[in-house]
Amino acid sequence: MYAIELFFSEEVDNYIKRKWKELSLSNISSSYSEIEGIRPHVTLAVYKDLQNVVDLKHDFMEYFSDIGSMQELIFVDVGVFPTTGTVFLRPTVTRELIDFHFNYHRAFEKYSKYADYYYIPGIWNPHCGFATNLNNDEMSRAISCIIQDFNPKKGLVTEIGLEHIIHDGSRFVSSKTILSRKLS
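Positions 2 to 185 (our numbering) are the ones given, in order, by the sequence shown.
The set of hints was computed from the structure by calculation and includes no laboratory data.
No residue lacks a Cβ here, since even glycine has one placed at the ideal position from N, Cα and C.
Careful: at least some of the hints might be erroneous.
Subject to a maximum C-alpha distance of 35 Å in a straight line, what follows is the list of computed DSBU-like cross-link-like pairs (lysine-lysine) [unchecked claim]: (1) Lys58 <-> Lys183; (2) Lys183 <-> Lys155; (3) Lys22 <-> Lys154; (4) Lys111 <-> Lys49; (5) Lys49 <-> Lys18; (6) Lys114 <-> Lys18; (7) Lys183 <-> Lys22; (8) Lys111 <-> Lys155; (9) Lys155 <-> Lys49; (10) Lys58 <-> Lys22; (11) Lys177 <-> Lys155; (12) Lys49 <-> Lys154; (13) Lys18 <-> Lys177; (14) Lys183 <-> Lys111; (15) Lys49 <-> Lys177; (16) Lys155 <-> Lys58; (17) Lys49 <-> Lys114; (18) Lys114 <-> Lys183; (19) Lys183 <-> Lys49; (20) Lys183 <-> Lys154; (21) Lys111 <-> Lys58; (22) Lys58 <-> Lys154; (23) Lys155 <-> Lys18; (24) Lys18 <-> Lys183; (25) Lys58 <-> Lys177; (26) Lys58 <-> Lys114; (27) Lys49 <-> Lys22; (28) Lys114 <-> Lys177.
Derived DEER-like restraints, expressed as beta-carbon distance ranges [stated by the list, open to error]: (29) His59 <-> Gly80: 30 to 38 Å; (30) Ile179 <-> Ile99: 22 to 30 Å; (31) Ile121 <-> Ser66: 22 to 30 Å.
My request is simple: use the sequences and hints to build the entire structure.
In structure tokens form, the structure reads like this:
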């Protein structure tokens, strides 16, 4: 599986990593800290069963070669996806963020048959995961851990990456950056 992900400036990145560690220390399983190589991120697209990653790599480098910067993201909501047991931090959804996502998918339309449904325009719910595959009790405990000292976070998107993600059939085990583009 491959994903296109947005990575953040230091303040947001460090906050999320600290919360991953706190969740793990609180014995809340499936914290993102257990996934080798993962970085705090918001996913733009996920591609399953992609046959030719060489073309995707080329298109990624070409498309993102002239992206200068993005607006600051403001994270003000903690939420859950009950069907997947996921607890997450959600950025404020702005016109610029929606347009960035839509324009990406329009430019990469030839990969749409491989695209995960939850990340396509009109369905996408931008989020940065804290933990996944939790049961109801674990979700409640995770939310309590996260909101005990929560305050809104602001941060820039500083990098866009093409990630190779490994799932062992029951959980995500690793995320490796194949290509990335730093933003100014």
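Query raised in the report: Can you list which hints this structure breaks, lowest number first?
Result: none
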